[in-house]
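Enquirer: Residues per chain, in single letters:
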Amino acid sequence: MFDLDLWKEILSALKKNRMRSFMTAFGVFWGIFMLIVMSGTGRALENGVMDGIKAFASNSAFFWTEPTSKPYDGFQRGRRWNYKNTDIEYIRTHISDVEYLSPRLFGANTRDGDNTIRGKKTGAFNVFGDYPDFFKIDPWSPIKGRLINEIDIRQNRKVCNIGERVVEVMFDEEEDPIGEYIKINGVYFQVVGVVHAETRVNIGGGRKEETIIIPFTTMQKTYNHGDVVHFFSVTSDPGVPVSKVETRLKELLKERHHIAPDDLQAIGSFNIEVEWKKYTGLFTGIQLLTWIVGIGTLLAGVIGVSNIMLVIIKERTQEIGIQRAIGATPGTIITHIVAESVFLTVMAGYIGLALGVGLLELLNMALEAGAQDEVFFRNPEISFTMAVAALAVLVLSGIVAGLIPARRAVSIKPIDAIRDEGI
Amino acid sequence: MISLNNVHKSYVTGSNSLHVLKGIDLEIKQGEFVSIMGSSGSGKSTLLNILGILDNYDQGSYYLNGTLVKNMSEKKAAQLRNELVGFVFQSFNLISFKNAMENVALPLYYQGVPRKKRNKIALEYLDKMGLLEWAEHLPNEMSGGQKQRVAIARSLISKPKIIFADEPTGALDTSTSYEVMEILKEINNEGITVILVTHEHDIAAMTHKIIRLNDGVIAEIIKNGDLKHWKHQYAKELETA
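Going down the list, the protein sequences come from chains A and B.
Quick note, the first sequence lines up with residues 808 to 1230 if you use the numbering used here.
Quick note, the second sequence lines up with residues 6 to 246 if you use the numbering used here.
Only chain B is shown next, with the shape it has when bound in the complex (with noise of 0.2 Å):
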């Protein structure tokens, strides 16, 4: 599904050069629960920009599905990500001026479906989230936790393969936070690749794999089996601190 092969990103700005990736291999496979953690400037976002096509990179080379993602054009790109992928953020990044089924719905006006059509499926969508009733309203109108929700029907509609997710419970408190990775691990029994970017420990628990990212490398791969002498690890931590 995914494949990356010793992948470099720098960003410049002005003659500074940060040289974020330092040659990342990782391999995904179809129906992953995967999140990735790491410390402020690890490399973490940038990763997953670079997965979803949002940003490309310098060196190595990245495959997704099967097809090479290297400087590709803007519309080609745009085309695999509504094809393939879908996002959620941190921020939601809901359209203000749409209501919730207008947004939900967006994916496929770019994908030319007929008005009437793809608002029925972002109904379908918005009752999978229980938000039915919140069909007509705007971002605005809505708790963290809702917005949140229309954000991943939006990331559903195009029945993606993968799932990006930034930070997706970052803004939002505990139990709502759980109610979102609720919906996400849904959404991975069904088959679709689920990764996410997090900083909070018991959030990348809920996942089956957790790569962590340490200035620019993958400094381990933690397993679903291990997970749980981790969680442990990480309490005692916690207890000393």
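Okay, chain A solo, but in the shape it has when bound (with noise of 0.2 Å):
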């Protein structure tokens, strides 16, 4: 029911303390405010990271090369070794629960400088051969054309696919550099695919749109790498802890290769599973905190807001037993009270609310007016079940703050509150 006398008393108690129930209504303010923008801030952060490596296989881990740290089986320590084609044979055929697998040859790279070569243009990228599984653990998407496919990899063939940086330093702008071809280390390849990868993790260095992908095992024969690998990805079925395979395969290729069982640095790895799990923690952490500071700093206000509401009963004793004499039950004048707590913390809290959301949005826009793949803050925002709780903790938070000096208000006999004479 709406009570017109009820927000006039409301009002007119308010305004008689302009300045006060503004300072009151800061605190809560500040609170909420807070608490939006830390936790929307927090969730750019999350947004912004996750964003970079949500596309990629969680449970994915990935295999490399050092050499050996200790003597055994005849070999000294120090001993460079490289995986070989029969090893992802034997893996495929004997392990169970690996869902994928792909090897991987490092090319030319950046730091060779100019390697690649189209009329006179030249330019310095990264070249990897890879299979076509590579693209279900790390997404690539093609922007024209295709991604390399099995018949590639069967048939050799000497196509590749290339980042966006590539396109723009070996083609003009109108150009099409589908069908086209570009030489690479002195061979040529046709281009099939203008790809884009769809994270910012990444595997050998160097930045993604600088990368040229061609066929594996095109590759290993056109640069005569022998049946060497040097790098493998794998991911596990579902359901199977990455950390599992990993586990495996490391114990697998020591016996293979002759390295120690205990020789830790022989196999370089890195478990996707492992970061994912970190990250997940840190965002959850960062919340917590977010919501343990925004609570505090918002119990602070509240606080504020009864304190206020106490030294206002005070100065309003005498009315209050008026009121009472003349027929306001005890119901009566709580409900005055509390919907007065209740209405400076909502409106204090509304405000933070809105300006806080209002200040992300502002951070939103400004991100996306400079906007980049690199950045590890983008779309800032508060979910709506956020904002509702919020506001729910507003109103459970003015009522608790009205509760006591409502209370205290009533506990004082009317003849009393009548003879109070101020302050």
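Because the hints were derived from the structure by calculation, they are not lab data.
Quick caveat: nothing in here was measured; it's all calculated off a predicted structure.
Ideal placement from N, C-alpha and C gives every residue a C-beta, glycine not left out.
There may be inaccurate statements among the hints.
[Claimed, not checked] Restraint-style ranges between C-beta atoms, simulated for each label pair:
1) B:K34 x A:G1138: 28 to 38 Å
2) A:G1138 x B:V17: 20 to 30 Å
3) A:I1206 x B:Y16: 27 to 37 Å
4) A:G1092 x B:L143: 56 to 66 Å
Take each chain as given, in its own frame, and dock them per the hints.
Expert: This is the structure we're talking about:
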């Protein structure tokens, strides 16, 4: 029920103490504002980082080789070694729980100087030999043309996928790169696709836009790598922790390459699952911290409201006494005071909420204006549930803040209240 | 209407206990016009507060309109006050941020009367008090007498059976005091019991019955007929003083 008198009373009480009402409300305002802004920016950091890795297969692990650190089986320590095609074959046929397996060769890279030529244009790029399965682990999407496929592998086709930066350097603006040839380390390859990386997880260094991907088998044969494999990625079957597969593969590879079982250095590996958990934990921590600080600030504001209500009640003791003398029940008085407190809290909180969301929106606009793939900060936002929760917390805290002074107000006998000569 | 039986009241402050009312027996009938007199500390205001259910008492019994008033819940007391009783105070006790009409309408607000209806009734009562053109004014824009008339209108709006007035003329000059007393007399003529506390003899002399309190007990009750004699004696006292 809308009660005009109730609101008139509340507004006049607040208006009479403009400055004090404002300062009090500011406490609550600031609490909510902080909560919203902190939570939003925390979420932005999470969005930024997670956007960069969320498309990445979270059940993947990567293997490369390092010099051995222990002598074993007649070999000295410090031996350099490589994976072989047979290793890959063996894993494919003998190890269960492996979903995708994609060997990789590192070709020329940007540090070698210009390695790619087309007419008068030259550029330095990172060249990888990959299997199509790789796109299932670290997703790439074709902007034009197509991705490297199984037939390219089988027929050792001299075709390549190139990143956006490669197109910029090697082609004129209006040129269509598809079907054109570029010379990579002295060998011509036909461009079959311009590709864009879906994630910012980077394996093998360099910017992903500066990547040239050619079929693994072509790379091995064309550049005389023999049966060497530099690197491979695996993903575990759904439901199987990739750490388990990682451990098993390490044991197996050590056995096949005469490496001491307790040599911790020889096989380099990296497990996304572990990193993923670290990130998830980190962001849960950030959100938790946000709430603790936010609620703490809000609580300080609410205590301020309660305090100010106590003072208002003290000042209005006589008035409350009169109202009770002419028939106001304690219930009426409590309702008035609590309504006043809730009004103050919710108004202040709502403004805090609105300004907080507004600030996040501004931040978002600024971020999008200077949008880059590299930013680790994007889409600052708060969820609708969070906004509702914050408002619920406000109403609740308003009630609590009002209830204590209200109980005090009705605990004074009406006659004492009337006699009260102010302060 | 009002029946007090051996009512005691003490105020306890810390270890001190102040025995204010020491056994009051009192009967007041419907339609009486009564004043309570007594020196400071004689307990007259305390008595009025107990009668108006603003304060409780320790011993004895108090029947108001047939209902025993004892250890009543605040809510019940508030309802009873709202139904039966109107208050007029020395310091008017109007709500400062409400205009005259809203102040008068306030008791009806607590009864849940809709806004338009209660404001209309409030205007009628203000008209009776001759304050119709002051309806939109705030209390601090009015004189003492006007404020007291607004307060009386407020006490009447809930159609009470009894009006309690605590020093209603205490803050007013003589001529305004007499105006206010005239109004109270008219109210009494309509059949409403009026009980007032005062320490001014001329004001008390306008009532039908004077209850003189002395040190927590009723010293004497002077009825209408005796008043003239009493007034004469009082005048003599003044002369000798």
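Enquirer: If a hint holds in the structure, say so; if it doesn't, say that too.
Expert: Going through the hints against the structure:
| no. | hint | result |
| --- | --- | --- |
| 1 | B:K34 x A:G1138: 28 to 38 Å | 34 Å, holds |
| 2 | A:G1138 x B:V17: 20 to 30 Å | 28 Å, holds |
| 3 | A:I1206 x B:Y16: 27 to 37 Å | 35 Å, holds |
| 4 | A:G1092 x B:L143: 56 to 66 Å | 57 Å, holds |
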